Each structure stands twice: as C-alpha cells, then as structure tokens.
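Visitor: Residue-level listing of the chains:
2 protein chains.
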Amino acid sequence: MNVRQYEMFELRLNGISGAGPVLPEAVTFRNGEKTCSVPAFLAGETFRVRFMPETAGTWEYTSADGSQSGTFTCTPEESTKCGPVRAEEDHFRYAGGSMYRPFGTTVYAAVHQSDALLKETEETLAEAPFNKIRFLVFPKFMPYNREDPEYYPFFLKDGCTLLPGETQGGVCPFDVTRPDERYWTKLDGFLTTLRKQGIEADLILFHPYDRWGLADMTMEECLLYLRYCIARLGAYSNLWWSLANEYEMLGSRGYADWDAFGTLLAEEDPYHHLISIHNIIAPYEPKKWMTHLSMQSGEIDRIPLWKAQYGGMPVLIDECGYEGDIMYDWGNLTAEELVHRFWWSVCRGGYCTHGETFHREDEVLWWGKGGKLHGKSAEGIAFLRSVLEETGEDVLRAGALSADDPNGGVPENPVFARAMRWAGEMYRERVLMNLAPMRIAGERHVLQYLGHHRPLFTELALPEEGSWKVERIDTLKCTRETVLEAVSGTVRVELTGEEQTALLATRTA
Amino acid sequence: MNVRQYEMFELRLNGISGAGPVLPEAVTFRNGEKTCSVPAFLAGETFRVRFMPETAGTWEYTSADGSQSGTFTCTPEESTKCGPVRAEEDHFRYAGGSMYRPFGTTVYAAVHQSDALLKETEETLAEAPFNKIRFLVFPKFMPYNREDPEYYPFFLKDGCTLLPGETQGGVCPFDVTRPDERYWTKLDGFLTTLRKQGIEADLILFHPYDRWGLADMTMEECLLYLRYCIARLGAYSNLWWSLANEYEMLGSRGYADWDAFGTLLAEEDPYHHLISIHNIIAPYEPKKWMTHLSMQSGEIDRIPLWKAQYGGMPVLIDECGYEGDIMYDWGNLTAEELVHRFWWSVCRGGYCTHGETFHREDEVLWWGKGGKLHGKSAEGIAFLRSVLEETGEDVLRAGALSADDPNGGVPENPVFARAMRWAGEMYRERVLMNLAPMRIAGERHVLQYLGHHRPLFTELALPEEGSWKVERIDTLKCTRETVLEAVSGTVRVELTGEEQTALLATRTA
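Residue numbers (this note's numbering), protein chains in the order written: chain A, 261 to 769; chain B, 261 to 769.
It cannot be assumed that every hint is accurate.
[What the hints assert, rightly or not] Pair ranges (Cβ atoms, derived):
| hint | chain 1 | residue 1 | chain 2 | residue 2 | range |
| --- | --- | --- | --- | --- | --- |
| 1 | A | Asp654 | B | Thr523 | 29 to 39 Å |
| 2 | B | Glu407 | A | Thr750 | 24 to 34 Å |
| 3 | B | Glu653 | A | Leu377 | 55 to 65 Å |
| 4 | A | Leu422 | B | Glu653 | 29 to 39 Å |
| 5 | A | Arg406 | B | Ala721 | 38 to 48 Å |
| 6 | A | Glu741 | B | Ala642 | 37 to 47 Å |
Derived from the structure by calculation, the hints contain no laboratory data.
Predicted, not measured: the structure shown is a model, and the values here were computed from it.
Backbone N, C-alpha and C fix where the C-beta goes; we use that ideal spot for every residue, glycine too.
Input sequences plus hints: build the corresponding full structure.
Guide: What follows is the structure, encoded as structure tokens:
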C-alpha cells in the first residue's frame, strides 16, 4: 500500500472497545528511528486510527495490543508547497519548503449548512484567491444564523433534550463520548476538499455564538473533545488549530483554561499544527504553545508592535471588518476599504483575512454560511496575492520595533531619540503609527504602500547597491506600470494623485 | 474716551526709558475694586501700555511713577460671542457667554509674507468657515518656505550677522531687547483683522523650522521675549498662546523649559488666555497651566482617552494631516478624508484643524504662506460647522472613559467587564477604538457619525423620553434629509449604503 508524503493513512481497529471517544497511543508507527504513537477515535461503531507520514519510505505499524500490524510505503511529494504550514520566525513555510503567505477568508458555519450549500461554497473557493479559511466545529447562533444544524458533533446525553428558545441554560446537554459520525464525516469531506484545493483549514474549536449548550461544556468534556479532534483531524496536513473565536466572550471559560487547551494541543498533537486564539478586545497573552497571533483589530499599524510583544511570531489580522452592508460595524466596509486593509497589513509585515456580509433576505451571507461571493474585494485580494507571490522565497519584512531597531524602520534622528526618552513606550507606537512608512523589504524586493496618501510624486528609498526596476501599482484598478528602470538609492517616483497606490521595486541586477 | 468691553485701550508712556523691551507693572487700571497692573512694551522709540477691560464702566489708570493718569469709559458689548475664549470643562466658551466651537485652519508663516499676500490671506479668511488660525511669531524655514522674511521680530545683536546657508550654528544672533517695530506692527495688523473677523489667533511662540537662530535663544532671552508678547499682545481678546509647534523638535530646549514658559504665561498674562503646546510624537504631560490639549495625531479615536488623561480638558486635533498632494504624508490627504477627520473628531468629543498643501510651482501653499484656498474640504467643514452650531448652547459630549464611565459609552456588558479585568488598560483603548460609536449627545441633540461604515440601515439609540426628529446627513454632498419624526428610544434608520453618513437627532417635544 502506498500513501503519499503528508497525506493520510487510515486504519480500522478490529475488536477494540473502550469508554469514550478516544484511545490514547492506540497504534505506533515506525520508520527507521522515527516512531509515532497515535490515538484512535470512535467513528460510528468502531475505532480508527489516522496517521500522516512526514517522511518518505517504509512505515511499519503495530497496535497497542499487538493484534494488528502491517506496513505501507510513503512516496515522496515533489511539490515544495505541501505538508503542514509552520511558523518560521515572523512568516510561514510549508513543511515541503516553500514560503506560505496566507490570504484567508471566513465562512464560520460552512459545515452546518446543507450538502448543496456546502458544495456551492467549495465551488466558490475553487475559483477564489483564498488559501486559508476560518470556520467553526460547532454550529453558530447569531443574527443571520438562527437555524438548528442537521447534525450536531455529539449525540445528546441520555435524558437530555434541547430546550426551545435562545439559550440552553448553562449546561451542555451533549455527550462528548458519543460523536455523531454523520457530522464528523461531513467535516472530513470538507477538510479533504480544502486539502485538495490547497486551502489551509483554520479550524475554530470553541466559540460563544451558541444556544445549544456547546459553549457550556465542563473542563473535562472540553479536554476529551480536544483529544478527539487531535485523533480524528490531526492527520490532515492542512489543519490549523484556532482555540477560539473571541475567547473573551465564552463566559463558561476562565482565562487559564485557554492555556490548558493550548498546552494540551501542543503536547499531544503529533504533527505540531499551528495553534492560535482569536480575541474580541485584547489578544491572549503570549504563550509557548502559540505559533502565531490571530488578531481581531482594525489597528493594523500595530502589527510590528504585536510582533515584538509576541516574540517575533507571525501576525494575522484574522478579523478587521468584512466587506458588506449589514448594520454591524464589523460587517459594512466597502470593497476598497477591505482591499486597503489587506495592502496595509501586508506592508506592515502581517497578513489580513477576508469576509463578506452583504445583507440578503435569504440570510445566506458568505461569512456565515458560504454560497457565492457577491462583493468586489476578492479581485483586489487576488491581485495583491499575485504581486506578493512574485517575490518568491524572498522574505519581505517591515522595520521591526525591537530592541535592535528602536526606530522601527524610521531613519535615526536625534529628535526621535529625544522624544523617545521623554515619552517612553508611547513613542514607539506613535512613531510606528505616524511616521514609519508602510513598507516591507527583502533581498531583492521593496514593496511600499501609500494607503490614503495621494501625493503627486514621492521619494522611494532603495539600496545603493544593485540595479532596480520600480513599478507603480494601482491597487484598486489592479494595474502595474514600470516607471523607473536601472535605478538605485533614493529615487523620485511620479505618482497619479490617486489614493491606494503601491510601489514595487525589484532588483534586476 | 470710550473703549468697548474686551477691546483694547492703548497708552503711550512719556519720558520713560529702561533697559530691555518690557517694563513690569508700568500702569495700574482700576474699576471699583478691580485693579490690574500691566507691563509696558517698547514700540519703536517709546514705551506703550495696552489694556483690555473685561468689565464695563469707568476705568482709572495711573502710571507707576505717577506721572500719567486718566480715565476711560468701557461700554458693554452686547453680543455674547465676545471676549476671550476660555475652557469650560471639555469645551470652550466666550467670556461673553456663548459656546465657542473651534473650526481652525493653519497658515504658519502668514505674517512673514508680503503685504499683498497677507491681504489676500485675510480676504480668503473672510469667506472661509474658519474661526481659529494657527500661525507663527517667528519666520519659517522648511520645504516650500525657504525665503528670508522682510522683517525679523528683533534687530541683530551688535556685531552679529546672519550667516548664509541653512543654519545659524546654534547661537541666536538677534537682540531680544530691541524689537523691530515694523514686524510687530504687521503682526498687530493681522491680529486686529482676525479679531474683527471673529477669528481666534492661536499664536505659536516657538518652533523648530528655523535657520536664523531664533530657535537658539537662551532661557533668559526666551523669558524676555514671552514677557514682551504678554505686554504687547495680551490685550487682544482673540489671542491664544501656543507654546510651540512640535515642541520635541526644538533641540535647544529641555523638557522642563516648556513648563517654565507655561507657568510664566499663566502667572503673568493678566487675561488668562488659553495656553497649549503642540507635539510631533508625544503630547507634553498634563500641567496646571495647560488649558486644552493641542494634539498632532491621526489617532482620532483616542480623543476620549486623552480627555481622561488630561483631566477633562478640551482636545483639539490641531494637526491630523492636510488636504493636498505634496510628497509628505502629513500633506497629501483628499478633501473627503480631511472632512472625514473633522466629523470623526467632533463625534469623538473633540475638534479638528484644517490645513491645505497642494503642490504649486510658485510655492504659495496655504498652510505655509496663505493666499487662496484651492481645495474642497472647506465646504465640508463649513457644512459641519453649520450643523453643529444649530445645536446652540447644548453641550454635546462623547461617552467619557472616566472612572465613572469605564465603558466609554458602550452599554454595560459582562463580557466587556471580564475582558477589562483580563486586559487592563488595553481594554479601555480597544473598546473605545473598536466598539464605541462615534457619537456625541446633549440634552436635545444626538449626533452620530458612521465614517467608513456604510450599512443599508442602522439602529440609533435615542432617549425614551421626548419626541425626536432624525435627519440623515450626507457629509460629502452636504445634504440633510429628515427620515424620522416623533420617535424615541432605539429606532431603525434606513441608510443609503454610502460612506461618511451622519445622523442628527433633535428633540422636538
């Protein structure tokens, strides 16, 4: 039997029973000196084991009781855009070796919709520019999302029923030890489709928009649920763990609970998938298990500050408002504004995430249920992605506000030094937010964005070394024009007086 | 002799001589139990005294040596929009009693231009919506402003000359004891015109854009200069003291010097004109002499935070970028963006200031030299001013982030309370910047601005009491439309899906 590197080997365990949905260390996989013991998970009436081989070659496996064993061959994946995405300093890289630059979208309750709607969502994703999607394990209850799902992740506890009305009353009626295979099969199908489409699944494990009591599990239930997710879903190479959406809003959870969840995932996930936690107001404090910062914020200028505060990890603005026209402030930005926030995020050294919330009488809004895209921002995001991917493996960074670079990319200046002495921490923020250009640079590329500034001309600082080409980019019309060739050092660039212009300089010699 | 209340009485002192440009307590004015001793200032070859009577009735005066005395009658001013503007809690009021809402502009080097250009500036101001102007005492040296002025405020010290080139070398060559009457007469003329036009003169006493050594005065020279300004200019009812533009950039000054200057003005200015200091990065710490906060910042959402940090004083965003198209980020906003920042500032409980920087080959940019306005933001600012002035004496305030109102106008919510506990100070900022509406409200008015949000409809929270009319305002087209009448409580308002919309609710019964 052959399994491609980073794809999934699955084994049905015969004649094994046990309490609860997970059996720890059920099967051990070996390839030379590499060994990996993975848990089994309850799938309907039987237990199964899934394993993602990260090394090509022959793998042997043996079940814990010795009753089942065998081998399979892992064939090497030749693409470098494969395997789990991992954080490398402040950016991401596929295990296969290529840079990964997230251009995500959001369809919270994708898997709780009808098969037909989920299929439509998948078809839309196939044409869209997104390579990451944020979505929920549990169903969603909030405006435009009031329906009960067809299946829940678990069967009800014996004697429990779902109460009518808006709230379940603070007790979870579901039995975490009895997963509903119909739900998990659907989730499996979506994860498989996303993997084939090259889309990372940023899976949100807990969230507060709940009427069914799924936000009210006990700590013990939560840990069991997480272990089930590891056992069942960990072998998907495209999986990311998002502990929560808006963690502060989960009234059932104490602050330290999240640390326990993150620690469990970091210790027990054999594949070390990315782990983050998403906030409504204040990001969760930096923790060892956290691989990147998943921010909800419109304060995009702060990306380099957060990067410094979080030990240099990558920063994703996973929620900065959505393109749409609904009455909530988080859901009524123009396409131009959302495209602006994407360029702004990228040119501050981070990434941004898309969502779409146009009011519809049928309540099928992309951000909640998927379906079709109706907005215009995806085009601008696709264009940004194409521009950025042209920079290949060149790591483009913004000036960091670190101890090594207290000026955050702003040229050394005695005035700022004096102001820093007087104003302390405040200085660093203000310099960043007001004075540092929106600019990232690598070995062979400089990308600078002008945002809402619209001068007739500007000065672009390039290295003195080498020969550079400069393109003027209209980020709204999605056009590029070479305006300078064979230049170096600080050069004057003629502009159009329009907003949302960018400049890309590429070293040509 | 008659002098109208808050206008200026001037007296030439005969046969008095002295070292330096100021004679302290040169003349004492009396009106019943009120007395006021004012300094004299050197005007050409003679000393003069100016006095602004704040009380109607008969005033007697006597010079310190008893050689000159007399009386004059102060006739009452009937308008309530008269006299010095003073801070009252977080807003401003004329001494005459009316609310004063600043809608300022900026012409830094207005008085250093030719008489013809200054006259053109005055004519433009006569038609413009501005009731405050920021400008410099000393000439300005920076891009678009490279010319030497015709007159300097002082004659050169004996033996000193102005060096050619860009810098004077750190020593002030001017003799502060010998004012050049030609300069000060021109300044008097401009202040007089502004007073007639109902425009407050926000006079900037020190600034760093200098090549002539005026930024390099010794502490002793600075104090003498300030006393000259008090003696000569204090009797203008429309005068405000701005200690500095971008105080941090004055390399010759230590941090504490500004406190000494502010203290001197607060103690020695008989009329207690407004005093502020303008920053480039971090605002100067709160001080007893400071009457309002003069901020340079684009972080307009922070107005309520600053208000809380500065003891509830008024906040003016005196520099948030200018309408224009020059290469500097502070000078290339669209008209729409500057109008946006005005509405945003007002609906966060502060005020904003205009400036215009369109590139011109003749280098006559409004922000630097005056002349004509070429932009479009003044129209939008005029419209905002007219809307706001309709609210009369109703004090409209944003939710304050004070100990009494930790939620900053955001409805009480246990989630936010928990987040505050976890996130500390950061919470307050984030709530303000992300969750609190841009809204000010008084007894009979609610003004709410939607900025870059553009929903199809929204909910507007009005008091349950009374009967209210709601107007929908297009802040860019400068149009108003009544969309609801005789409503109260939280009401749904249909919107257009366009950005930069505002809602004004007026209590009609």
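Visitor: Honestly, which of those hints from before does the structure not fit?
Guide: 1, 4 and 5
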